[in-house]
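Visitor: Construct the complete structure from the given sequences, taking the supplied hints into account.
There are 2 protein chains.
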Amino acid sequence: METLKVSTKSSPNSVAGAIAGAMRQAGAVEIQVVGAGALNQAIKAVAIARGYVAASGLDLVCIPTFADIEIDGERRTAIRLSVEDRTHRRAQPLPHVDLETLRIN
Amino acid sequence: METLKVSTKSSPNSVAGAIAGAMRQAGAVEIQVVGAGALNQAIKAVAIARGYVAASGLDLVCIPTFADIEIDGERRTAIRLSVEDRTHRRAQPLPHVDLETLRIN
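Top line first, the protein sequences correspond to chains X and B. Okay, so the first sequence: first residue is 16 according to the working numbering, each after it adds one. Okay, so the second sequence: first residue is 16 according to the working numbering, each after it adds one.
Treat the hints with caution; some may be incorrect.
What the hints assert, rightly or not - For each label pair, taking beta carbons as the anchor points, the in silico distance ranges come out as:
(1) X:GLU89 / B:LYS24: 33 to 41 Å
(2) B:GLU17 / X:ASP74: 18 to 26 Å
(3) X:ARG104 / B:THR23: 31 to 39 Å
I should point out that these hints are in silico values taken from the structure, not numbers from a laboratory. Virtual Cβ for every residue (Gly too), placed ideally from N, Cα, C.
Guide: So, in structure tokens, the structure goes:
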């Protein structure tokens, strides 16, 4: 599964686009953040991405867990958000719509 | 459905206990936060609460949405986290365990 690393400077709209793309390709995506500012951008992105994928029949949910990671030799506690369809569905391609076109939007 | 208002000063462990209690009583709970610090405490609380309710057969997920709210006459954008069981299950009381006891833990 793809892991998106989101920071305080990440644009929620761009991250939302990446989430939607990963959901269509792999059915799930993981977001890793360190710190409140980064988490804020990530959660906003999930809220936006819910709208992006709803038309494909997906009901995005997120599952937060703690993760111990090492950054520059220092131990930090990260938060991982597993972003999945509620019932593990894969996106249904819309009739008469090219997948490539969907990915651009 | 109960709405928990979480702030920067909220203890994630206490909020996790409140989430677990609400999940057992109502099957779902909503958390409302304004700002990155408050969201951070709320998401940590959900991560902790997942462990609390797993023994009852619940798979906690959270669904973030935006909400326009008014605080002291000013418009703010809040984030609402709908905390639910993935498949809308209700907690199964453990055999030989009194519900009142469960609620205290």
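Visitor: Let me make sure I understand: some of the numbered hints might not hold for this structure. Which ones are they, in numerical order?
Guide: 1
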